[in-house]
Amino acid sequence: DTAVSQTPKYLVTQMGNDKSIKCEQNLGHDTMYWYKQDSKKFLKIMFSYNNKELIINETVPNRFSPKSPDKAHLNLHINSLELGDSAVYFCASSQDFSGHGPQHFGDGTRLSIL
Amino acid sequence: DAKTTQPPSMDCAEGRAANLPCNHSTISGNEYVYWYRQIHSQGPQYIIHGLKNNETNEMASLIITEDRKSSTLILPHATLRDTAVYYCIVRVGYGGSQGNLIFGKGTKLSVKP
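As given, the protein sequences belong to chains A and B, one line each in that order. Quick note: the first sequence, position 113, residue 476 per the numbering used here, numbers continuous. Quick note: the second sequence, position 5, residue 781 per the numbering used here, numbers continuous.
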């Protein structure tokens, strides 16, 4: 069973398009996250949600809009895609927002902007 | 910025212990040491974490110095599948933005036959 699953795994699109990435976790966790890993392999947090509510927004452009329809899902919608958005996006989840427990990551969505 | 310093790369022979060092000289009393790894083309994987005492689980052991300014992750019998980038992260033990995982460059461990 895949604990944290993301779709699609690969996404190739053109500048200016709007796209969404979906994430689902079957661990019963309360907290979910989105991370971005750029070409230099730095992994940075973008957002975190706790029980469907936004907790952290780390200076991400407002073209990025996370949506959490329920606590098992956290989708990422990106408007007006730019070349700099090319990266690998990872979804993660943790038991709660207490900070003690580990985060479980999906295998990433590789976004390429042409 | 990451609060840890790790060597950029290390090699280890298959079957031998891999000892990965990490310096965190500015660690605060309420900050834990976490280790994650990222195998090529996969998401980061949690390995172990600790506050003061040494910790061991089925994957690895974590040795934290008494002054807590450095630690060592030990993979007792490295296999080829342990080849990955290993990240040492310090974070507070509670939520909020201060509890974020901040990934540095990590150590690329290559396990060789």
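Everything labelled a hint here was simulated from the structure, so no lab data went into it. Among the clues, some could well be false.
[Stated by the list, open to error] Computed cross-link-like contacts, DSBU-like style, restricted to lysine-lysine with a CA-CA straight-line distance of at most 35 Å:
hint : chain 1 : residue 1 : chain 2 : residue 2
1    : A       : K430      : B       : K888
2    : A       : K372      : B       : K845
3    : B       : K845      : A       : K382
4    : A       : K385      : A       : K434
5    : A       : K385      : A       : K430
6    : A       : K430      : B       : K779
7    : A       : K385      : B       : K845
8    : A       : K403      : B       : K881
9    : B       : K884      : A       : K372
10   : B       : K845      : B       : K779
11   : B       : K881      : B       : K828
12   : A       : K407      : A       : K434
13   : A       : K415      : B       : K888
14   : B       : K888      : A       : K382
15   : B       : K828      : A       : K403
16   : A       : K434      : B       : K888
17   : A       : K407      : A       : K430
18   : A       : K403      : A       : K382
19   : A       : K399      : B       : K884
20   : A       : K434      : A       : K372
21   : A       : K385      : A       : K372
22   : A       : K372      : B       : K828
23   : A       : K382      : B       : K828
24   : A       : K385      : B       : K828
25   : A       : K430      : B       : K845
26   : A       : K407      : A       : K385
27   : B       : K881      : A       : K434
28   : B       : K828      : A       : K434
29   : A       : K430      : A       : K415
30   : A       : K382      : A       : K404
31   : A       : K382      : A       : K372
32   : B       : K884      : A       : K404
33   : A       : K382      : A       : K434
34   : B       : K884      : B       : K779
A quick note: this is a predicted structure, and the numbers were derived from the prediction, not measured.
Against the structure, the hints:
no.	hint	in the structure
1	A:K430 / B:K888	44 Å, violated
2	A:K372 / B:K845	39 Å, violated
3	B:K845 / A:K382	44 Å, violated
4	A:K385 / A:K434	13 Å, holds
5	A:K385 / A:K430	9 Å, holds
6	A:K430 / B:K779	31 Å, holds
7	A:K385 / B:K845	40 Å, violated
8	A:K403 / B:K881	9 Å, holds
9	B:K884 / A:K372	24 Å, holds
10	B:K845 / B:K779	11 Å, holds
11	B:K881 / B:K828	24 Å, holds
12	A:K407 / A:K434	22 Å, holds
13	A:K415 / B:K888	45 Å, violated
14	B:K888 / A:K382	41 Å, violated
15	B:K828 / A:K403	32 Å, holds
16	A:K434 / B:K888	42 Å, violated
17	A:K407 / A:K430	19 Å, holds
18	A:K403 / A:K382	23 Å, holds
19	A:K399 / B:K884	19 Å, holds
20	A:K434 / A:K372	21 Å, holds
21	A:K385 / A:K372	10 Å, holds
22	A:K372 / B:K828	39 Å, violated
23	A:K382 / B:K828	45 Å, violated
24	A:K385 / B:K828	38 Å, violated
25	A:K430 / B:K845	40 Å, violated
26	A:K407 / A:K385	18 Å, holds
27	B:K881 / A:K434	31 Å, holds
28	B:K828 / A:K434	33 Å, holds
29	A:K430 / A:K415	8 Å, holds
30	A:K382 / A:K404	22 Å, holds
31	A:K382 / A:K372	13 Å, holds
32	B:K884 / A:K404	12 Å, holds
33	A:K382 / A:K434	21 Å, holds
34	B:K884 / B:K779	18 Å, holds
Hints 1, 2, 3, 7, 13, 14, 16, 22, 23, 24 and 25, counting from the list given before, are not met by this structure.
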